[in-house]
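Enquirer: Listed below are the residues making up each chain.
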Amino acid sequence: MRITPLHFAIAAATAALLSASPAFAATPAPKGIVQRVKDPGTGLEVRVQQDRPGTVSVEIGDRAVTVRRELRADRLETTVTAAGEKISLTIDKNGLLVTAPHGRVRVTPAHPEAGAAVVRLLSGSPAIRRGVELLGRVNLGVASPTGQTLLLTRAFLLSVAGERDQALAVVRTARAMLQTARIVDARFGPGECWDEYVKEAVACYKEFEDCMRGLSWYDVIGKTACATIYDLRAIGAFSWWVSCVGLRGGDTI
Amino acid sequence: MRAVAVVVQIVISLVVAATLMPVVLTTMPDAQARSVGPAVALGIAAFAYAIVRIVWPRHKP
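Just so you know, the protein sequences line up as chains A and B, in that order. Quick note: the first sequence uses the working numbering, first residue 3, plus one each step. Quick note: the second sequence uses the working numbering, first residue 1050, plus one each step.
Extracted from the complex, chain A is given alone in its bound form (with noise of 0.2 Å):
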């Protein structure tokens, strides 16, 4: 196995995705678990917990594993612990280092060939399979950054356990659903545009007799200005109304 550009981008969408948790957004954080989630797909706790400042971490488990991604300032730290066997995966600046019961490998971009070993490490390990099949049954749902956060962990126990093609899989699913939320081209209907218009309407006269008011009875040309200024402003106020209605097809937001 090679570090690619995939397991980056797992990474990077990961840390992006904790970093978007209230969680860890807060300051300052309180220490302990910080959420309690009860995932409808496993009916299991989903635990997003806050230790020490600037460091986050998503927990779920069952009877037969426990999957926990832990976010820290210079790290990303995966651990999936099953049966007695725990595999740990860390991500740094180095690269990756995989620790688990019968080896330790590190994978660094100068030597990618040690990917092969994490492979043949991990393929046939019991605790990243049941991990792999329990995050595939979360759903917690597209809005939630935790969910998409355990998903895009179940992309990387795949890539690193071989599993190419499901891994890339899991990536376009959460891709699709990191797009689902889209700006449209909203429209107003015709209330809207009366009240726009009354707004408008009523702020054009308020001020209108605030200009009058500061006047004296024989300043002529500053009553006139004020007129002047209140005459273009409801026509103008009034055309748009008219206009929003129906002669141009309702407004854009």
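These are calculated hints, taken from the structure and not from any lab test. All of these numbers come straight from a predicted model, not from anything done at the bench. Please note: incorrect hints may appear among the correct ones.
[Unchecked claim] Here's a subset of chain B near chain A, in silico, CB distances under 7 Å, partners left out:
id, residue
1, Ala1067
2, Thr1068
3, Met1070
4, Pro1071
5, Val1072
6, Leu1074
7, Thr1075
8, Gln1081
9, Arg1083
10, Gly1086
[Claimed, not checked] Here are some of the chain A residues that sit facing chain B, going by a computed Cβ distance under 8 Å:
id, residue
11, Gly193
12, Val200
13, Ala203
14, Val204
15, Cys206
16, Tyr207
17, Lys208
18, Asp233
19, Ala236
20, Ile237
In this text, a Cβ means the ideal position worked out from N, Cα and C, and glycines have one as well.
Start from chain A and add chain B according to the hints.
Expert: Then chain B, alone, in the frame of chain A:
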């Protein structure tokens, strides 16, 4: 020529309505409702159009 006169009369009535509507909306807040305000505006425009038609100078045959 007659059509031009009608267009000018309509424009004048709309200008009158546009000028009066801010006063009406400020002094009678009930007219700000969506169900009332547009009808008031059209009513003022129609009334102004009728007045303009009445006072519009006519050529004697």
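Enquirer: What are the numbers of the hints that this structure violates, sorted from low to high?
Expert: Violated hints: none at all, because every hint is consistent with the structure.
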